[in-house]
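**Q** If you read the protein sequences in the order shown, they are chains A and B.
Position one of the first sequence corresponds to residue 1 (full-length UniProt numbering), numbered consecutively onward.
Position one of the second sequence corresponds to residue 1 (full-length UniProt numbering), numbered consecutively onward.
Hints may be right or wrong, so weigh each one.
If chains are identical, the list can't say which one is meant, so a pair holds when it fits in one copy or spans any two.
Calculated pairs, DSSO-like style, for lysine-lysine (alpha carbon to alpha carbon, straight line, at most 27 Å) [said to hold, decoys possible]:
#1 Lys82 / Lys283
#2 Lys166 / Lys286
#3 Lys286 / Lys82
#4 Lys166 / Lys283
#5 Lys286 / Lys87
#6 Lys166 / Lys149
#7 Lys149 / Lys286
#8 Lys87 / Lys166
#9 Lys166 / Lys82
Simulated from the structure, these hints should not be mistaken for laboratory data.
There are 2 protein chains.
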Amino acid sequence: MDFSAPFLTRYWSHLLSALIGFVIVKFLAQSLFGKERKRRLSDDPARQLDLDRDEDQDEVQGVPGGPLSSEDTTEHIPYRLKRYTEKEMFRRAEEFYRMMDERRTVRFFSDDAVPLGVVHTLIKTAGTSPSGAHTQPWTYVIVQDVNLKHQIRELVEAEEEINYRKRMSATWVKDLEKLRTTWEKPYLDIAPYLIMVFKQTYGVGPNGERLNHYYSEISISISVGILLAAIQNAGLVTVTSTPLNAGPALRTLLGRPINEKLLLLLPIGYPAHNATVPDLQRKDLKDIMAVM
Amino acid sequence: MDFSAPFLTRYWSHLLSALIGFVIVKFLAQSLFGKERKRRLSDDPARQLDLDRDEDQDEVQGVPGGPLSSEDTTEHIPYRLKRYTEKEMFRRAEEFYRMMDERRTVRFFSDDAVPLGVVHTLIKTAGTSPSGAHTQPWTYVIVQDVNLKHQIRELVEAEEEINYRKRMSATWVKDLEKLRTTWEKPYLDIAPYLIMVFKQTYGVGPNGERLNHYYSEISISISVGILLAAIQNAGLVTVTSTPLNAGPALRTLLGRPINEKLLLLLPIGYPAHNATVPDLQRKDLKDIMAVM
Numbered sequence: 001m002d003f004s005a006p007f008l009t010r011y012w013s014h015l016l017s018a019l020i021g022f023v024i025v026k027f028l029a030q031s032l033f034g035k036e037r038k039r040r041l042s043d044d045p046a047r048q049l050d051l052d053r054d055e056d057q058d059e060v061q062g063v064p065g066g067p068l069s070s071e072d073t074t075e076h077i078p079y080r081l082k083r084y085t086e087k088e089m090f091r092r093a094e095e096f097y098r099m100m101d102e103r104r105t106v107r108f109f110s111d112d113a114v115p116l117g118v119v120h121t122l123i124k125t126a127g128t129s130p131s132g133a134h135t136q137p138w139t140y141v142i143v144q145d146v147n148l149k150h151q152i153r154e155l156v157e158a159e160e161e162i163n164y165r166k167r168m169s170a171t172w173v174k175d176l177e178k179l180r181t182t183w184e185k186p187y188l189d190i191a192p193y194l195i196m197v198f199k200q201t202y203g204v205g206p207n208g209e210r211l212n213h214y215y216s217e218i219s220i221s222i223s224v225g226i227l228l229a230a231i232q233n234a235g236l237v238t239v240t241s242t243p244l245n246a247g248p249a250l251r252t253l254l255g256r257p258i259n260e261k262l263l264l265l266l267p268i269g270y271p272a273h274n275a276t277v278p279d280l281q282r283k284d285l286k287d288i289m290a291v292m
Numbered sequence: 001m002d003f004s005a006p007f008l009t010r011y012w013s014h015l016l017s018a019l020i021g022f023v024i025v026k027f028l029a030q031s032l033f034g035k036e037r038k039r040r041l042s043d044d045p046a047r048q049l050d051l052d053r054d055e056d057q058d059e060v061q062g063v064p065g066g067p068l069s070s071e072d073t074t075e076h077i078p079y080r081l082k083r084y085t086e087k088e089m090f091r092r093a094e095e096f097y098r099m100m101d102e103r104r105t106v107r108f109f110s111d112d113a114v115p116l117g118v119v120h121t122l123i124k125t126a127g128t129s130p131s132g133a134h135t136q137p138w139t140y141v142i143v144q145d146v147n148l149k150h151q152i153r154e155l156v157e158a159e160e161e162i163n164y165r166k167r168m169s170a171t172w173v174k175d176l177e178k179l180r181t182t183w184e185k186p187y188l189d190i191a192p193y194l195i196m197v198f199k200q201t202y203g204v205g206p207n208g209e210r211l212n213h214y215y216s217e218i219s220i221s222i223s224v225g226i227l228l229a230a231i232q233n234a235g236l237v238t239v240t241s242t243p244l245n246a247g248p249a250l251r252t253l254l255g256r257p258i259n260e261k262l263l264l265l266l267p268i269g270y271p272a273h274n275a276t277v278p279d280l281q282r283k284d285l286k287d288i289m290a291v292m
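Isolated chain A (complex conformation):
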């Protein structure tokens, strides 16, 4: 091709038209993609979840560089923590490990009452968790009402029955028959409390404005980890269940706002006298840890 002056002189108007076409399309593309981008960042509550995800985390953070807390912007006060001798530290670490190692997911509950005040303290403990930009994006709904517990059971079992009838293979269902495991969840009636763990997908400011929540799923799950430790420490048991198919129906039943999404359902109580657990082993330390 001849890019000399005569060529440009002859075809300048065509080149100009091509350039104009390019500019128009680029402008359209930018305004469209720009809008798409804006909507993802603010308008669609379902998309807010994406804000926790990797593709967005590579961009501007609620917190620069990503510490889970934006505590940097507040005045500082001295921090003191009791320091144990090495011997005492070893003893405490070992004792806490042994306590947590006794924790198991238990599906056989006693219907014995548990004081509500204890549950309050357990939830306060969960509330000490760190969270992205200190947003504390959790709501713990404690269900003790017998009728409400039963309605929850019915909603969860309805989904569970669909799983068994349609979503699982015949072999799988047959295997489970031997163990008398079905879609029935009697513990949802029996346990004295059901802790419904709602993740706030976004916050609401003092003037009703929507506030972004970053890392909310990581944050609330860390909070639940602390809750599990508190439950075990109190001599109680739970099942860490994720009844997500039933989530929207349960949110409606409990009248929770649309910025809350059911993440986990934890029945809590004493284990039944004849409770059993599957004979499972945990991975060895060498399979979960590397030292460099």
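Position chain B relative to chain A; hints supplied.
**A** For chain B alone, coordinates are given in the frame of chain A:
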């Protein structure tokens, strides 16, 4: 403008050029955005995380109905747990709450040594966490080597500097100046250990086959919550940081396999003698709990 036939006849070559410009740009845009989309869905292991997300969780689960554990398919053994009197339960719950309420995210570390054996016990404790289908999708990499810690610091700070220089507003940076907060993270050199928390996005079976991991982000975050409780119980402190921009580089530096993705970076050690924390408050119980 005149769009009649004479106009079209006269300027057809210009219109054609504009059309060609449009088509070229559209083609380029599609191939670029199309590739980006495909990579997000399948090729990049880091992107596999989306499989844990809500839109997928509403479909067939690894575990029907979603209990975090598939323990149902194993033989059962009796489960016993020490039962406390109500008075004792209240005392234990309150004591554990007070301990956890003293926990704060601390960025000022002492360089005093911490016995590696204690860290082993802390990681064992994290390993008692429940997980989706008992997959235990976590690898805790403990970095104690001085040079390796420094390389990690350099990688994290390089990303952090980009955040400060390009991704944050001038006002924000100015606000942070007053607090002497910069992209520098000296604690990554000072803390005796850096715990690098890697999430296994999928497992590898005995014959090298890929095993799906469900709920892995929830599971590992719960495990980290238990770890935070164990760290606090031992009289140590940490920063729950999410250095995701630096994740791939850190994974390469530490030689971790591609099914592992860095979720969190937790430096641990004693707090510095003159450590400070931001004067933040936690939400009241009434703002995080509802009873029905």
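**Q** If a hint holds in the structure, say so; if it does not, say that too.
**A** Okay, the hints, checked on the actual structure:
When the C-alpha separation of Lys82 and Lys283 is checked against a cutoff of 27 Å, the pair qualifies only between copies, where the shortest distance is 25 Å, while the shortest distance within a copy is 32 Å. For the identical chains of this complex, Lys166 and Lys286 are neighbours neither inside a copy (40 Å) nor across copies (41 Å), given an alpha-carbon limit of 27 Å. Taking the shortest alpha-carbon separations for Lys286 and Lys82, neither the intra-copy value of 31 Å nor the inter-copy value of 30 Å comes in at or below 27 Å. Taking the shortest Cα distances, Lys166 and Lys283 never come within 27 Å of each other, neither inside one copy (33 Å) nor across copies (43 Å).
For the identical chains of this complex, Lys286 and Lys87 are intra-copy neighbours only, at 24 Å inside a copy versus 40 Å across copies, given an alpha-carbon limit of 27 Å. Taking the shortest alpha-carbon separations for Lys166 and Lys149, only the intra-copy value of 26 Å comes in at or below 27 Å, while the best inter-copy value is 51 Å. With identical chains, the CA atoms of Lys149 and Lys286 are at most 27 Å apart between copies only, with a shortest distance of 21 Å across copies and 42 Å within one. For the homomeric pair Lys87 and Lys166, neither the shortest alpha-carbon distance inside one copy (56 Å) nor that between copies (48 Å) is at most 27 Å.
Proximity of Lys166 and Lys82 under a CA criterion of 27 Å is satisfied in neither setting, with 56 Å inside one chain copy and 40 Å between copies.
Of the numbered hints given earlier, the model fails hints 2, 3, 4, 8 and 9; all others are met.
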